[in-house]
Amino acid sequence: MLTSFVRSGQKVILRIEDILNKVFSSEQNLLYYHGAMPNFCMWMLFLSGLLLFAYYTPTLEAAYQSVEYITNKLPYGDVIRGIHRYAADAMLLTVILHALRVYFTDRYREYRLIAWYSGVALSVFMLIIGVSGYILVWDERSFIIVTKITDFLGSLPFIGSSLASAFLNGEVISNYTMSMSFFLHTGTSFALLVLLWVHYMRISRPVVNVTWAIGSLISGIILLFAGLFPAISGPEAKFTVEPSYFDIDWFYLWLFPLIDAVGNIGAWLVLIAGITLVTLLPNFVRNHDKEPASVSKDHCVGCRLCSIDCPYEAIYMAPRNDGSKYKEIAVVIDDRCAECGLCVGACNFDAIELPNYKSPQVMDDIRIALQS
Amino acid sequence: MTQTETQSENKLKTKDEVKVAVIACARSVNLEGELSATKLNGVSNCDVIQVPCSGMIQPRMIEAAFNAGADGVIAMGCQIGDCHFREGNKFCRERLLGQRPPMIKKTVPKRRLKGLWMSEVQVEDFKARVEDFKGYVAEQLVEEQKGN
Ligand code: HEM
Ligand code: SF4
Ligand code: SF4
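Keeping their order, the protein sequence lines are chains Y and G.
Under my numbering, the first residue of the first sequence is numbered 44, with each subsequent residue one higher.
Under my numbering, the first residue of the second sequence is numbered 341, with each subsequent residue one higher.
Keep in mind that the hints are not guaranteed to be accurate.
[Claimed, not checked] Over 10 Å on every C-beta distance to chain G, these chain Y residues come out as not near it, computed from the model:
| id | residue |
| --- | --- |
| 1 | Asn64 |
| 2 | Asp121 |
| 3 | Leu135 |
| 4 | Thr220 |
| 5 | Lys281 |
| 6 | Val284 |
| 7 | Phe289 |
| 8 | Pro325 |
| 9 | Asn330 |
| 10 | Lys333 |
| 11 | Asp352 |
| 12 | Ala361 |
| 13 | Gly384 |
| 14 | Ser402 |
[Said to hold, decoys possible] Pairwise CB distance ranges (calculated):
| id | chain 1 | residue 1 | chain 2 | residue 2 | range |
| --- | --- | --- | --- | --- | --- |
| 15 | Y | Ile308 | G | Ala366 | 16 to 26 Å |
| 16 | Y | Val313 | G | Asp465 | 36 to 46 Å |
| 17 | Y | Gly230 | G | Asn370 | 42 to 52 Å |
| 18 | G | Thr447 | Y | His331 | 15 to 25 Å |
Hints in this document: simulated from the structure, not taken from any laboratory.
Fair warning: this is a prediction, and the values are worked out from it, not measured in the lab.
Even glycine gets a Cβ: it sits at the ideal position worked out from N, Cα and C.
Start from the sequences, fold in the hints, and give me the full structure.
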């Protein structure tokens, strides 16, 4: 049942791509840049974030005013703030698109596990960055977020109270709380880069850049939103006033309506169940028995072409000292092998073969077919 | 077989008589129910041999097809930009264009060799493109005769 569900999802995606190819050509097909689009948004966030960072002050007294200064006084400050807000939404949207595409096109399991697991971690990190970002503004919404997160963390058995005080950075909301949120926001952002390095670990030449046209399109949309719906703060948070303003960003703040609906423990259960389910998705499908590519010692001349072409970094060149006149030999790391045959296409010496599709056999098939 | 031998065998053929071999990625156009053994239903003289990815197509497989009597050869993979194995069709295309080793031999009649990049859902499109190609190969054979 799961397989047929995934297969129909794949057909839908392929049909959409077919239409996009006809309208925009395959070089400008958005869906072919499913991993590059979130990456592009991330760099927009880093860049706009850097400019905000220059003027932002992470203290209870000054945070709100510094954001107001950026928005109202700094030339184009409101635009930069808008870009930062909407690039974050765009990043999440494109990440969801990316994850759906790799899932429905069956490109998420077996030799792609590292990318899948690190992808799940990337999305959790994005949630932390998003929520902590909304604290930095220090308007009434920020105040509500801080109290709710404190309760949410505190509701966990055993570790709850220490997590809550770690988040508050003390026992009450203070300047240290702001420092902690600022750290969670920027520190986790840099951790994204480390995670992305893990994400690309098994992928040769990942497509990380969008085309100029797609980059302009995404920037254009983000700018349009920044202009039409400027990112603004609610009333400043004050300890003397009961906060009420809570405009919701459904991309990053959905946790709070969830907590309101099912309670802290309920929200934890939903969160943990969701993350576990997505993490375990690769386990719901039985992998077929692996028949990785294998190298023939007698034929390999050590030309390296296969190791260059392998799209999953499954081949390395090892020095050889078996008396052969060639200096190196290709070695396949079985676990990483996708059984794609790109190495076979790259080898001019019949030295690397897929056990199920040996190239002499394919050539025989060609001859037999043409003679029939 | 030398080039002249291949050409003398390929003397003027009608479009229907033209023999085409398609070496195809098994994940591109979905040919389930479209093949009788290797013959493509509804298109005359067209054999399809499937491999796991177009990136696996060696120049020598293309030579083998011409040498075994194909008048035209199509190397087929998924839409460029989409490849289940990320880069297979790009590499295949680069080989067809002579931009990536191993190179295709000079003796291979490049004009009767075609790259086709289509997704699973483009079955009808695919058949139409094969028909077009057969017509083109027939014309090409005439040109080559004149050239001699
Ligand atoms: C910060 C967010 C993310 C960025 C910037 C990102 C970027 C990328 C890029 C550039 C690639 C290489 C695509 C290629 O060249 O074929 C990739 C591959 C992949 N990503 Fe992500 N990704 C992100 C999040 C995720 C998430 C949330 C998931 C799923 C849970 C995910 C799952 C995968 C998988 C399975 C692959 C391998 C696809 C293949 O081998 O064909 N990624 N990602
Ligand atoms: S392409 Fe063939 S000959 Fe060259 S290193 Fe790889 S296996 Fe050896
Ligand atoms: S079949 Fe060859 S190119 Fe493909 S993943 Fe395995 S070793 Fe790499």
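Exercise for the section: May I ask you to check that leucine 135 (chain Y) keeps its beta-carbon over 10 Å from the closest beta-carbon of chain G? Expected result: For leucine 135 (chain Y), whose nearest Cβ neighbour in chain G is about 23 Å away, the distance exceeds 10 Å, so it holds.
Handout entry: Reported absence of asparagine 330 (chain Y) from the contact zone with chain G (all CB gaps over 10 Å)
Key = With a cut-off of 10 Å, asparagine 330 (chain Y) remains clear of chain G, as the shortest Cβ separation is near 15 Å.
Practice task
Check the following: the C-beta atoms of glycine 230 (chain Y) and asparagine 370 (chain G) are separated by a distance inside 42 to 52 Å.
Solution key: This hint holds: roughly 48 Å between Cβ atoms.
Handout entry: Non-interface label on asparagine 64 (chain Y), tested against every C-beta of chain G at 10 Å
Key = Asparagine 64 (chain Y) is in fact no farther than 10 Å from some Cβ atom of chain G, at 6 Å.
Exercise for the section: Compute the least Cβ-Cβ separation between lysine 333 (chain Y) and chain G, then decide whether it is above 10 Å. Expected result: holds (13 Å)
Practice task
Confirm or reject the claim that threonine 447 (chain G) and histidine 331 (chain Y) have a C-beta distance inside 15 to 25 Å.
Solution key: At 40 Å between Cβs, range violated.
Practice task
Check the non-interface label on proline 325 (chain Y): least C-beta distance to chain G beyond 10 Å or not.
Solution key: holds (16 Å)
Exercise for the section: Examine each Cβ of chain G, and state whether all of them lie more than 10 Å from the Cβ of lysine 281 (chain Y). Expected result: The claim stands: lysine 281 (chain Y) keeps its Cβ more than 10 Å from every Cβ of chain G (closest is about 53 Å).
Practice task
Kindly confirm whether 36 to 46 Å is satisfied by the beta carbon distance between valine 313 (chain Y) and aspartate 465 (chain G).
Solution key: holds (45 Å)
Handout entry: Cβ separation check - aspartate 352 (chain Y) to all of chain G, threshold 10 Å
Key = Answer for aspartate 352 (chain Y): violated, closest chain G Cβ roughly 6 Å.
Exercise for the section: Against chain G, does threonine 220 (chain Y) hold up as non-interface, every C-beta pair farther apart than 10 Å? Expected result: The claim holds: threonine 220 (chain Y) sits with its nearest Cβ about 45 Å from chain G, beyond 10 Å.
Practice task
Could you let me know if the closest chain G CB is still more than 10 Å away from the CB of alanine 361 (chain Y)?
Solution key: holds (21 Å)
In this structure, the hints that do not hold are numbers 1, 11, 13, 14, 15 and 18, in rising order.
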